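Residue numbers (the numbering used here), protein chains in the order written: chain A, 2 to 459; chain B, 3 to 254.
Just so you know, these hints were derived from the structure itself, not from any lab.
All figures in this text were calculated on a predicted structure; none of them were measured in a lab.
All residues carry an ideal CB built from backbone N, CA and C; glycine is no exception.
It cannot be assumed that every hint is accurate.
Here are a few chain B residues that sit away from chain A, every Cβ distance over 12 Å (derived from the structure) [to be verified]:
{"hint": "1", "residue": "Q8"}
{"hint": "2", "residue": "G18"}
{"hint": "3", "residue": "S30"}
{"hint": "4", "residue": "D32"}
{"hint": "5", "residue": "R81"}
{"hint": "6", "residue": "L111"}
{"hint": "7", "residue": "A132"}
{"hint": "8", "residue": "S179"}
{"hint": "9", "residue": "R183"}
{"hint": "10", "residue": "R220"}
Derived pair list, reagent style DSSO-like, types lysine-lysine, alpha-carbon separation capped at 27 Å [unchecked claim]:
{"hint": "11", "chain 1": "B", "residue 1": "K117", "chain 2": "A", "residue 2": "K382"}
{"hint": "12", "chain 1": "A", "residue 1": "K278", "chain 2": "A", "residue 2": "K382"}
{"hint": "13", "chain 1": "A", "residue 1": "K278", "chain 2": "B", "residue 2": "K78"}
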Amino acid sequence: MSAFSVAIRNVRKSFKDYGIYFLTVMLGVALFYIFNSIGSQSVMMDLSQNAVMSLMGIETIMDYLSVFVAAIMAFLILYANAFLIRRRKKEMGLYMVLGMKKFRISSILVWETFLVGLLSLAVGLAVGIFLSQGMALVTARMFGVSVTRFAFAFSAAALLKCVRYFGLSFLAVILFNVVNLNRQRLLDLLHADRKTARVARLPFWASVPLFAVSAAMLLYAYRLVLTTGIAGFILEGGQSALTRAVLLGTAGTFLFFFSLSGFSLKLVSRVKGVYFKNLNMFTLKQLDSKFHAAWASMSFVCLMLFLALSAISVGTSLSMAIREYSAAETAASVAVAYMATYIGIVFLISCASVLAIAQLSEASDNQSRYALLSKLGASPKMLSGSALRQILAYFVAPLALAAAHSLVAVKVMGALVEALASLNIFATSLVTGGAVALFYGGYFLMTYRSARRMALRQ
Amino acid sequence: MEAILQVRDLEKVYGGRGSVTRALNGVSFDVRQGEYVGVMGASGSGKTTLLNCISTIDSATAGSIRIENTDVTSLKGGRLADFRCHKLGFIFQDYNLLDTMTAFENIALALTIAKRPPGEVERRAREVAAQLGVEDVLDKHPAQMSGGQRQRVAAARAIVTDPALVLADEPTGALDSKSARALLESFRHMVTELRSTILMVTHDPFSASYCDRILFIRDGRLFTELTRGADGRKAFFDKIIEVMAVLGGEAA
Chain A
2 MSAFSVAIRN VRKSFKDYGI YFLTVMLGVA LFYIFNSIGS QSVMMDLSQN AVMSLMGIET
62 IMDYLSVFVA AIMAFLILYA NAFLIRRRKK EMGLYMVLGM KKFRISSILV WETFLVGLLS
122 LAVGLAVGIF LSQGMALVTA RMFGVSVTRF AFAFSAAALL KCVRYFGLSF LAVILFNVVN
182 LNRQRLLDLL HADRKTARVA RLPFWASVPL FAVSAAMLLY AYRLVLTTGI AGFILEGGQS
242 ALTRAVLLGT AGTFLFFFSL SGFSLKLVSR VKGVYFKNLN MFTLKQLDSK FHAAWASMSF
302 VCLMLFLALS AISVGTSLSM AIREYSAAET AASVAVAYMA TYIGIVFLIS CASVLAIAQL
362 SEASDNQSRY ALLSKLGASP KMLSGSALRQ ILAYFVAPLA LAAAHSLVAV KVMGALVEAL
422 ASLNIFATSL VTGGAVALFY GGYFLMTYRS ARRMALRQ
Chain B
3 MEAILQVRDL EKVYGGRGSV TRALNGVSFD VRQGEYVGVM GASGSGKTTL LNCISTIDSA
63 TAGSIRIENT DVTSLKGGRL ADFRCHKLGF IFQDYNLLDT MTAFENIALA LTIAKRPPGE
123 VERRAREVAA QLGVEDVLDK HPAQMSGGQR QRVAAARAIV TDPALVLADE PTGALDSKSA
183 RALLESFRHM VTELRSTILM VTHDPFSASY CDRILFIRDG RLFTELTRGA DGRKAFFDKI
243 IEVMAVLGGE AA
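So that you can see chain A by itself, here it is in the shape it has in the complex (with noise of 0.2 Å):
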C-alpha cells in the first residue's frame, strides 16, 4: 500500500481526533479571508471616491496586522498538531517495530497533514467567501449607504494570502514532524503512553491566604482603573496608576488561578454531603489535577479572553457610534472597529482552541478512568454528568474572570466613545455575548462530545 493511500485511510478513520484541528484551522482561513477582502465589497454599494479610498487604506491596514493573525495561527496549528501526534507516538513505534523505514511513516505524515490542510483550506475559503457578501452589509451601514446592488464580491488577492500564509503553516507542521520523528527512539514510542509523575501540589494553608491576596489585588487593580477613569490617564499621573493596575491585574490573575483549585477542592470537600455524592468526588479531583497542572495556560487564556471580549465590544460600539462621525472620523474609526474586531475574534477562537486541546491530549488517561469507574458500576448518566461538570468547569473559570476584567475595561473606555456618541450598552453586549457563544460555545460543545465518547467507551 502507498503512503498516500495509508493516510487516507488515517484521516478517515481518526477524522473524529482531527476535528478540533480541522475546525481551527477552517475557522482561521475564513477570518483571514473576510478580513483580507474588505475592499472588495466595493462593488456592491455606491459609495464616494473618498470612502473607497479609505478602504483601500483599511485593506492596508488588515494586510499588516494579518501578518500577526497568521503567525498566531501559525503557533495554534503547530499546537494542536504537536498534540495530535503525541497521540500518535504508540502508532508510530508499531510502524517502526513492524520494519517500516523512517521516510515512509515521514511521507504518511505529510500526506495526512496536506491532505487535513487542504481540506480545511478549501472548506475554510469557501465559509470566508460566502460570509464576506454578508460583511458587505457591515460595511455599508458603517460608511451610511446601503447595498444598491448584489455583486459577487470576490478577492483573488485575499485567496491567494490565506493559501499562502497557511501553506507556509503546514510547511512548518510537516518540517516539525519530519524532524521530530527522526529525533525519536522506539523504546520512547512504544511507551509513549506511560504516566507521568505527579506535580507537587500546594497544601490547603498556603492556597488560602493567596487565594484572598489574590482577590484583594484584583479588586484593588479594578478599583484604581475605576476610580482613574479614561480621563485620568490621559492626564501626568494616570499613566502610573494604569501601569499598576495593569500589573497588579496580571500577577493577580495568575495567582488566582494558581490558588483556585486546592481552596475550592477544600472547600468543597468539607461539605460532606456533596462531596461524598455520586461522582463528585471524581469530578473535583480531576478539576484540581488539572487546574493544578494548567494553571499558567490558564492565566494565559483568561488574559487573552479578556482581550478578545474587550476589543470585540470596543469594536462593536465603535461601529454602531460611527454614522454620527464626519467622513475622515469614519475612515479611521472603521478600521479601528475593524482591527478590533478581527483580533478579538482571532484571540477568542485561539483561546478556546488551546483550551479544547489541552483537554484532547488527556482523552487516553481519562479513557481508563472512565473505564475504571464503568467497572465499579457507575452509570453512563453518572460518567456523562462527570465529563459535563469537568469540562463546564474548565471553559467558563477563564472567561467568568476575564468577563469580570473587561467589564471593568469596557466601562472605562465606553466612556471614551460615549463621549463622542451615544453607546448602545445593550446591543454591544449582545453581539459580545453573542461572538462568545458562537465561537467559544462551538468549541466547548465539541469538547464535550469528544470527552462523552471517551467516557462512555467500553
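Fit chain B to the supplied structure of chain A, relying on the hints for placement.
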C-alpha cells in the same frame, strides 16, 4: 448452603465468518456463599474470558450466569451499572486505583457510586481500611504507596460495598513474593472473618494454594476440580502442581 454464583453451559464464541474461536465451550459450576475459589489454566485456556463474562464486562454467547438469582447475561445500561456497584467487587492485576485520589477517596468512591448516604461513607471506608491494615496510608496517593499497599487498598475498595461476589484477576501478578503472601492472607481474612465470597483467576500455584477449591480450565472446558478439604496449604500446593503437570503434559 445456597450458591451465590451459578454458571450453566456457558459458551463464548469470538469472531465469525470463517475464523471462529471458541473461548468457552460449555462451562458449568457453582460457587457457594463464603467460598474462596480459584480458576487456573494456561494462557488462552479461557479463564480470563470466563471472568470477564461473570463480571459482566463481556457478554456470553450462550448459557446462563446467575448471581444471587439474577441472570446477569440479560442486564443492560443503568441496571447493569446498578448490579455491578451493589453485587460485584473487582480486584485487578494492575491495581487500577485512580492516581488523582488518596487511598481513602479510592475506597470511598465505591460507596458514593453505590449512592450510600454521605454520612455513612466515611465511617464505612475507615472501617474496611482498618480490617485490611491500610489505615496508615489512607491520606496517601497511589504513587506514594508500595505495590502491596495499593493492592490491599484495591481489595478494601472491592469489599467496602459488601458485594455478593469479589472477582480478582491475577491479584498477585505485579507483587513481590512478600507482598503477595500478605495480600493472600488478607483474602483469607476477608473470607473467614468478613464472609466475603471470592473468585480468583491466577496461573500461580502458590496463590492458588490459599483457595478452598480450584477449577482447572483447558480449551474452554472445565478440565478438573480440586478441593482443599482438610489438607494443609503445603499438601494442597503439591496437589495443584500434580494437576498442572497433567494439564501441561497432555497439552504438549
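Enumerated hints in conflict with the structure, sorted upward
5, 6
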